[in-house]
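Chain by chain, the residues run as shown.
Protein chains: 2
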Amino acid sequence: MTTRWLTAAEQRAWRSYLSATSLLEDAIDRRLQAEAGMPHLYYSILAKLSEAPDRRLRMTDLAEAQKITRSRLTYAVTRLEKDGTVRREGCPTDKRGHMAVLTDEGMALLERVAPGHVETVRTAIFDHLTPEQVEQLDEICGTITRAIQDGNSGASGEDLPWRRRSCSS
Amino acid sequence: MTTRWLTAAEQRAWRSYLSATSLLEDAIDRRLQAEAGMPHLYYSILAKLSEAPDRRLRMTDLAEAQKITRSRLTYAVTRLEKDGTVRREGCPTDKRGHMAVLTDEGMALLERVAPGHVETVRTAIFDHLTPEQVEQLDEICGTITRAIQDGNSGASGEDLPWRRRSCSS
DNA sequence: GCACAGTGGTTCAAGTTTTAAACAATACCT
DNA sequence: AGGTATTGTTTAAAACTTGAACCACTGTGC
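Here the protein sequences come in this chain order: A and B. Counting the first sequence from 1 gives a position; my numbering is that position plus 45. Counting the second sequence from 1 gives a position; my numbering is that position plus 45.
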């Protein structure tokens, strides 16, 4: 089958996308590194925990939420534990399991750093978009997310090498 | 100054953005890793070279184009040279300088792999967007790019730790 | 109850990448 | 010529990722 290349307009959009996303990720990482001493992934783990009931999540659920391997998460949480922002606790209902728990110190870090982070996002994006554009962005990104998720489970059959099972408190 | 948090709509869009960009970057990396044996950054270095006049670029210009440090680029090009996709040549007009040159083999790799890459991008994005949305995406990403670039040179004064100077042929 | 396949999470070793600082060679300016 | 700035690499250390192996436990079927 012959390749369907991008049209000129699509190509423009794609290059735009690449430059925007890479610049933005860099800007976010730089700021978080400076103010929180950690890269975006680690910050987003803390953020995810802060929103979870009881500020705790099963390791597997957390890995799934962040779309990373369990191994990678173990490494990350080990570091965060050293930083004192996260603590591990055994899971009462399943002795194999562990919960990652956001510590008070972790919550404090988040509260200290979040304003700067939000400001990065604001000044990079939302301060410059109309409400319609915010809607459009949401729409477009939602479409992309769905396209990739549907595509993956349907096509190659394999995604990340595991499934989940939940376990609250 | 009190933090201007994101509105509900902005928050939705932001989460949408995060999930879309991270899924997409993963999908692209996985595909390129499988088909080209290299991550996106390396591929995009080859792609950049393929578009340059004479398929060659000064190291510094290439680093600047990719927004990475020279050190990081040195590492990357060393690997690409081992792969045989890039060759280094001295710069005739500046004996300090080096050009990274895309080899025929590198060009062949690009031609072999590009269709799959484009297809990833297509099935993840453009197959699902209307022409209007493509326009919107371009517009929005352009705005973000500009916001970050303007913000950086104006504000903290410092960006990446170097400037450029060009040198054609 | 008990084997036994499956899950949850960690460990380990190897490989890859990133960073920062220091450096040699060359260019540019006065 | 002399001083300063650039180019690109080197180096050593740190950070991160991967995949396979592994242990402890769970759940199921017999």
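Check the hints yourself; a few may be wrong.
All copies of an identical chain are treated as equivalent in the list; a pair is satisfied when it fits inside any one copy or across any two copies.
Restricting the straight-line Cα-Cα distance to at most 20 Å, the calculated cross-link-like pairs of lysine to any residue (SDA-like) are [unchecked claim]:
hint : residue 1 : residue 2
1    : 127       : 56
2    : 140       : 172
3    : 93        : 50
4    : 112       : 84
5    : 93        : 181
6    : 112       : 70
7    : 93        : 54
8    : 93        : 152
9    : 127       : 155
10   : 112       : 66
11   : 112       : 172
Don't read these hints as lab results, they were simulated from the structure.
The hints, checked one at a time:
Taking the closest pair of Cα atoms, residue 127 and residue 56 never come within 20 Å of each other, the shortest separation being 45 Å inside a single copy and 31 Å across copies. Taking the closest pair of Cα atoms, residue 140 and residue 172 never come within 20 Å of each other, the shortest separation being 48 Å inside a single copy and 46 Å across copies. Taking the shortest alpha-carbon separations for residue 93 and residue 50, only the inter-copy value of 17 Å comes in at or below 20 Å, while the best intra-copy value is 38 Å. Taking identical chains as interchangeable, the C-alpha atoms of residue 112 and residue 84 lie at most 20 Å apart whether they share a chain (16 Å) or sit on different chains (18 Å).
Taking identical chains as interchangeable, the C-alpha atoms of residue 93 and residue 181 are never at most 20 Å apart, the minima being 25 Å within one chain and 30 Å between chains. Taking identical chains as interchangeable, the C-alpha atoms of residue 112 and residue 70 lie at most 20 Å apart whether they share a chain (17 Å) or sit on different chains (12 Å). In this assembly of identical chains, residue 93 and residue 54 lie within 20 Å of each other by CA distance solely across copies; the values are 19 Å between and 36 Å within a copy. Proximity of residue 93 to residue 152 under the C-alpha cut-off of 20 Å is restricted to the intra-copy arrangement: shortest distance 11 Å within a copy versus 43 Å between copies.
Taking the shortest Cα distances, residue 127 and residue 155 sit within 20 Å of each other inside one copy (16 Å), while across copies they are farther apart (43 Å). For the identical chains of this complex, residue 112 and residue 66 are neighbours both inside a copy (18 Å) and across copies (12 Å), given an alpha-carbon limit of 20 Å. Within a single copy, residue 112 and residue 172 get their C-alpha atoms no closer than 29 Å, and across copies no closer than 24 Å, so neither meets the 20 Å cut-off.
Of the numbered hints given earlier, the model fails hints 1, 2, 5 and 11; all others are met.
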